[in-house]
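**Student:** Following the hints, position chains B and R against chain W.
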Amino acid sequence: MKIKIRLRRSIPFVFLSPFLILLVLFYVLPLVYGFYISLFRQYGLRPPIFIGMGNYIKAFTDIGFLTSVLTMGKFFLIQGSIMIGLALLFALYIDNEKNHLRGLFRMVYYIPFAIPTVVSGILWGFMYSKSLSPFQSIFSLVGLLHPDFLSSGNLFWSIINIVTWEWTGYNMIILYSGLQTIPRELYEAAYIDGAGNFDIIKYIKLPLLIPSIILATIFTVIGSFQLFNEPFVLQSMTYVSPHLTPNLYIYITAFNYGNFNFAAAMAMILAIVTFAVSSIFIRYSALEEE
Amino acid sequence: MKKFSMFILITSLVVFFGLSLYADNVQLPVYNGSPVTITFWSWAPGIDQWTINAFEKAYPNIKVKWTDVGSGEAEYSKLLTALSAGSGAPDVVQIEYQMLPTFISYGGLVDLSKYGANNYKSLFVPWTWKQVSQGNAVYAIPQDTGPYAFAYNKAIFDKYGLTVPKTWDEYAADAQKLYEASNGKVVLGNFDGVGVSQISWLLGLIWAAGGHWWVLNGNTWTQTINSTISQKVTNFWGNLVNKGYMSTITPWSADWFPAMSNGKVASMICPAWMPGYLQENLSKENAGQWRIVPLPQWPNMPFTSGNWGGSTDAVTVQSKNPEAAFIFALWINASEESCNHFIGYLFPASFVGLDSPRMHDTTTPVDQFFGGQDINQIFIDASKAVNTNFEWAPWLNYIYNEAAKDISDAISKKISWTQALDQLQNSSLNYAQNQGFNVK
Amino acid sequence: MEDKKIKKSFYSIKSMIFLFLMFVASAYFLLPLFWIIIASSKSNSQLFSTNPLWFAFPLNFVNNFVNISSLFNGEIWRWFLNSIIYSGSISIGTTLISSMAGFAFSKYNFKGKNVLFFAIIGMIMVPSTALVLPIYLLMHGLNLINTYWAVILPSLVNPFTVYLMRVFWMQEFPNELLDAARIDGASDFRVFFSIGLPLVKGGLATVALFSFVGAWNNFFLPLVVLSKENLYPLVLGLQVWTSLVTTGQSQGIITYGPLLMGVLISIIPLIFAFMLLRKYWQYGLSAGALKG
Numbered sequence: 001m002k003i004k005i006r007l008r009r010s011i012p013f014v015f016l017s018p019f020l021i022l023l024v025l026f027y028v029l030p031l032v033y034g035f036y037i038s039l040f041r042q043y044g045l046r047p048p049i050f051i052g053m054g055n056y057i058k059a060f061t062d063i064g065f066l067t068s069v070l071t072m073g074k075f076f077l078i079q080g081s082i083m084i085g086l087a088l089l090f091a092l093y094i095d096n097e098k099n100h101l102r103g104l105f106r107m108v109y110y111i112p113f114a115i116p117t118v119v120s121g122i123l124w125g126f127m128y129s130k131s132l133s134p135f136q137s138i139f140s141l142v143g144l145l146h147p148d149f150l151s152s153g154n155l156f157w158s159i160i161n162i163v164t165w166e167w168t169g170y171n172m173i174i175l176y177s178g179l180q181t182i183p184r185e186l187y188e189a190a191y192i193d194g195a196g197n198f199d200i201i202k203y204i205k206l207p208l209l210i211p212s213i214i215l216a217t218i219f220t221v222i223g224s225f226q227l228f229n230e231p232f233v234l235q236s237m238t239y240v241s242p243h244l245t246p247n248l249y250i251y252i253t254a255f256n257y258g259n260f261n262f263a264a265a266m267a268m269i270l271a272i273v274t275f276a277v278s279s280i281f282i283r284y285s286a287l288e289e290e
Numbered sequence: 001m002k003k004f005s006m007f008i009l010i011t012s013l014v015v016f017f018g019l020s021l022y023a024d025n026v027q028l029p030v031y032n033g034s035p036v037t038i039t040f041w042s043w044a045p046g047i048d049q050w051t052i053n054a055f056e057k058a059y060p061n062i063k064v065k066w067t068d069v070g071s072g073e074a075e076y077s078k079l080l081t082a083l084s085a086g087s088g089a090p091d092v093v094q095i096e097y098q099m100l101p102t103f104i105s106y107g108g109l110v111d112l113s114k115y116g117a118n119n120y121k122s123l124f125v126p127w128t129w130k131q132v133s134q135g136n137a138v139y140a141i142p143q144d145t146g147p148y149a150f151a152y153n154k155a156i157f158d159k160y161g162l163t164v165p166k167t168w169d170e171y172a173a174d175a176q177k178l179y180e181a182s183n184g185k186v187v188l189g190n191f192d193g194v195g196v197s198q199i200s201w202l203l204g205l206i207w208a209a210g211g212h213w214w215v216l217n218g219n220t221w222t223q224t225i226n227s228t229i230s231q232k233v234t235n236f237w238g239n240l241v242n243k244g245y246m247s248t249i250t251p252w253s254a255d256w257f258p259a260m261s262n263g264k265v266a267s268m269i270c271p272a273w274m275p276g277y278l279q280e281n282l283s284k285e286n287a288g289q290w291r292i293v294p295l296p297q298w299p300n301m302p303f304t305s306g307n308w309g310g311s312t313d314a315v316t317v318q319s320k321n322p323e324a325a326f327i328f329a330l331w332i333n334a335s336e337e338s339c340n341h342f343i344g345y346l347f348p349a350s351f352v353g354l355d356s357p358r359m360h361d362t363t364t365p366v367d368q369f370f371g372g373q374d375i376n377q378i379f380i381d382a383s384k385a386v387n388t389n390f391e392w393a394p395w396l397n398y399i400y401n402e403a404a405k406d407i408s409d410a411i412s413k414k415i416s417w418t419q420a421l422d423q424l425q426n427s428s429l430n431y432a433q434n435q436g437f438n439v440k
Numbered sequence: 001m002e003d004k005k006i007k008k009s010f011y012s013i014k015s016m017i018f019l020f021l022m023f024v025a026s027a028y029f030l031l032p033l034f035w036i037i038i039a040s041s042k043s044n045s046q047l048f049s050t051n052p053l054w055f056a057f058p059l060n061f062v063n064n065f066v067n068i069s070s071l072f073n074g075e076i077w078r079w080f081l082n083s084i085i086y087s088g089s090i091s092i093g094t095t096l097i098s099s100m101a102g103f104a105f106s107k108y109n110f111k112g113k114n115v116l117f118f119a120i121i122g123m124i125m126v127p128s129t130a131l132v133l134p135i136y137l138l139m140h141g142l143n144l145i146n147t148y149w150a151v152i153l154p155s156l157v158n159p160f161t162v163y164l165m166r167v168f169w170m171q172e173f174p175n176e177l178l179d180a181a182r183i184d185g186a187s188d189f190r191v192f193f194s195i196g197l198p199l200v201k202g203g204l205a206t207v208a209l210f211s212f213v214g215a216w217n218n219f220f221l222p223l224v225v226l227s228k229e230n231l232y233p234l235v236l237g238l239q240v241w242t243s244l245v246t247t248g249q250s251q252g253i254i255t256y257g258p259l260l261m262g263v264l265i266s267i268i269p270l271i272f273a274f275m276l277l278r279k280y281w282q283y284g285l286s287a288g289a290l291k292g
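Protein chains in written order, with the numbering used here: chain W, 1 to 290; chain B, 1 to 440; chain R, 1 to 292.
No lab work stands behind these hints: they were computed from the structure.
Where a beta carbon is used, it is the ideal one built from N, C-alpha and C, also for glycine.
Be careful, since some hints might not be right.
[What the hints assert, rightly or not] Okay, derived cross-link-like pairs now, BS3-like style, lysine-lysine, Cα gap no bigger than 27 Å in a straight line:
#, chain 1, residue 1, chain 2, residue 2
1, B, LYS413, W, LYS74
2, B, LYS414, W, LYS74
3, B, LYS65, R, LYS228
[Unchecked claim] The following label-pair restraints were derived from C-beta to C-beta distances:
#, chain 1, residue 1, chain 2, residue 2, range
4, B, GLY288, R, PRO58, 24 to 34 Å
5, B, VAL36, R, PRO58, 23 to 33 Å
6, W, PHE60, R, PHE118, 46 to 56 Å
7, W, ALA190, R, LEU30, 44 to 54 Å
8, B, VAL36, R, GLN251, 23 to 33 Å
If we strip away everything but chain W, and leave its shape as in the complex, we get:
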């Protein structure tokens, strides 16, 4: 009996083991090693010098790093609100059975999600260039000069556009799925009580949608701070500031400047902060559940 219990107790770990082994090898070990190299300073092939928290202190005063984090914060607030706002409007539309062509729109808005983000970046990069651009004719129709979408002043907004284009459909589906779980009887009861469409949205749909909105927001935060592919591919078409996103800055610090130690420190800081933030979120929504 004892052996059986022991075996029984070990069963979950058998199921877990492939995942755990890979987790240790390709998540934990790299993180530990990354932390290790972040404690040194080294130039070229000279011997490394141990500097403890030196790189971390430097990171908190490094203009490039701070700018990139602030820029991404700004990006998340602006792009996130636009995108989730739009996704919400679209989701509400296709949820309302009285509306036309819901199935068609649901499919069409979702299509950009099927395109890899690298390819979206390349696509829009070409469309932003004056000679290839389909916007030429549209702009001249309205009598405006074709703006330089890829200029350093406009790049931030141009990337906001690309990311919004890529992910609005995805978030729309998340919100739509949330809406679909609301029992229809609630609406009927509300109608009987004399509520109009707008009231239903305001008092029933939105409150019950909050978990889905939180989920979409979490994905958006992750996306904003992981932003790399689109700025990276645009680098070959225009000047992209290395301080635009944290991942881009870390990549350039490591692979262009060869400063792997400092890059590792910044990556560790990002990892810890995002880990902490998402843990709080998860804890919070799990508590809500219970």
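**Tutor:** What follows is chains B and R alone, placed relative to chain W:
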């Protein structure tokens, strides 16, 4: 009398043989080692499988495996990563002049003087040898160069009655005249200093004016980004940009060639490797309309030109066969067969290449594009006029990224052009000192 | 009276306005697709001289297709195949591994379960840069650089799919079933394979699809661990060619027309797959939304 004529005879014989020894090509080295295979990373057009086959015929004991792992930055990232990881770097690798100090100071390149590299110094244009050396140490073999000349669209110049500028003052006057006469629709040139690594374009012009940004003395670097000459040249272009007389399209972007094709941009500061691109990428209507002349000059200076681009081949410290690697690097850049093969793609740094009759073949499509001109002669003269006094810093990647930002701010008028130089000087000085360099 | 009211609102001005706005939004989402189809049908000179919003004749679809397909011995199709290999194996591997891990989290109680689970969820947000460089050094030490494994192995660790599978197990596999099977004497493994997996079929399909798409999209990891072109996935190869063309380094070998055709080629398969399999996608997202 006899003694005297004997003396004359012997002297003239000595002089004759001495001269002929000098005029004789320095013989390329022989390889006496055991059979080896070496790896080679290179993206340069004209250095290809044909070159390798020819080399292997000349040196049967050395086999070469060539890979193109990407051009420029793409290759440098991989090289950097491989060097720091301790393996994965090739024996021979293509590195542009400006990136050499970065890899030298990284400790990644072999000093080739111990294989006799300095014996071959005379085979190459002097300023290129200076670029690959630090003191007596030699870290790479020069391959090609990009000395500046001036390319312009004759049809547009004729249409608006512009004179071909011989000085920068004339250039500025032409710029204004063209802008006003065409109501801003046509500009004299594009400011090609926009974008990461494009600062080299501007640096080449500062180089041509006798300026430089870095000097290495022993172990100490001195950085003078905002020197007087630097400011003079930068503000010259900055003023033209501010007034709208120059466009600011990012070079190589989708809009860059079309602007010249469609007659919106009338000229360019043209490095020696550019004419082929112009001939290939400008629309057919442009054929025969463009001409090349020497670079405009600053007053009170002997004729000089600057340089933009050009590569070398170096041997990495991970090479297990550095001697064979050195021989390969030398042969592909200094042998007659190899140089003749890459003429037309690359503008040679070696005298063997520059002296080749193939350089003056005016029936090539490129020369025809320029109305049958012998354009290479202009570049040969320019190459000989490039200042030897110019060095690159090992923190160039940082400069590339920062400069692009400062230039971009100056173009959008957030800061003045002088401020852009000041900012670049300060931020990169800070960075370099942080990296542990001795720099002031 | 009520019927009339419904009819009225179905065709009211307000609903027409909304419909119009939705059409405008559709145009926005479809514009790049429309553009790339047109652009990939043009020759290089047509690209820069004709109206970008409509075709130019003669059409160059076939020329561009043949050109891009034959470059460097059909390298683009090599890359396509690589992407299938990467995505396929990562998808199968991840599905298996996450379904097992999700099963463990949902059906068992063990010491440290909650802590471990929260840790795993937190790891979803760790930026790729923190991992990729050390993974490169690790792969280098194992001599796995420039192999398929360098990309596949690290990608099999997917905390999000573990989370999803846990949700699916909780939803589709009642605990009573497990207890009943145990009483009958079946080992947990048998239960997992013969009873459990069929029940969470939908979840498995969702996770398989999700990880397939994620792997197809994967750019940063291959960028760092691969330097041999014949191992590149399609997105990496395409990015390399694009940067060669846009920075003037393609020496006339790769040109805009065929490049854009290559972009089109990279888009079409996934779009088809999506349209066919969107049911599973929404299934997954709704499960996530419920428990989110």
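**Student:** All hints, please: hold or fail.
**Tutor:** Hint check:
Of the supplied pair hints, the one linking B/LYS413 and W/LYS74 holds, its CA atoms being roughly 24 Å apart against a limit of 27 Å. Proposed proximity of B/LYS414 and W/LYS74 is supported: the alpha carbons are some 21 Å apart, at most 27 Å. Restraint check: the Cα-Cα separation between B/LYS65 and R/LYS228 comes to about 13 Å, which is no more than 27 Å; the hinted pair holds. Restraint check, B/GLY288 to R/PRO58: a C-beta distance of roughly 27 Å satisfies the suggested window 24 to 34 Å.
Hint check: B/VAL36 to R/PRO58, Cβ distance near 54 Å, so the stated range 23 to 33 Å is violated. Restraint check, W/PHE60 to R/PHE118: a C-beta distance of roughly 27 Å breaks the suggested window 46 to 56 Å. For W/ALA190 paired with R/LEU30, a C-beta distance near 36 Å fails the hint of 44 to 54 Å. At about 31 Å, the beta-carbon gap between B/VAL36 and R/GLN251 stays in the expected band of 23 to 33 Å.
Checked against the numbered hints given earlier, the structure breaks hints 5, 6 and 7 and satisfies all the rest.
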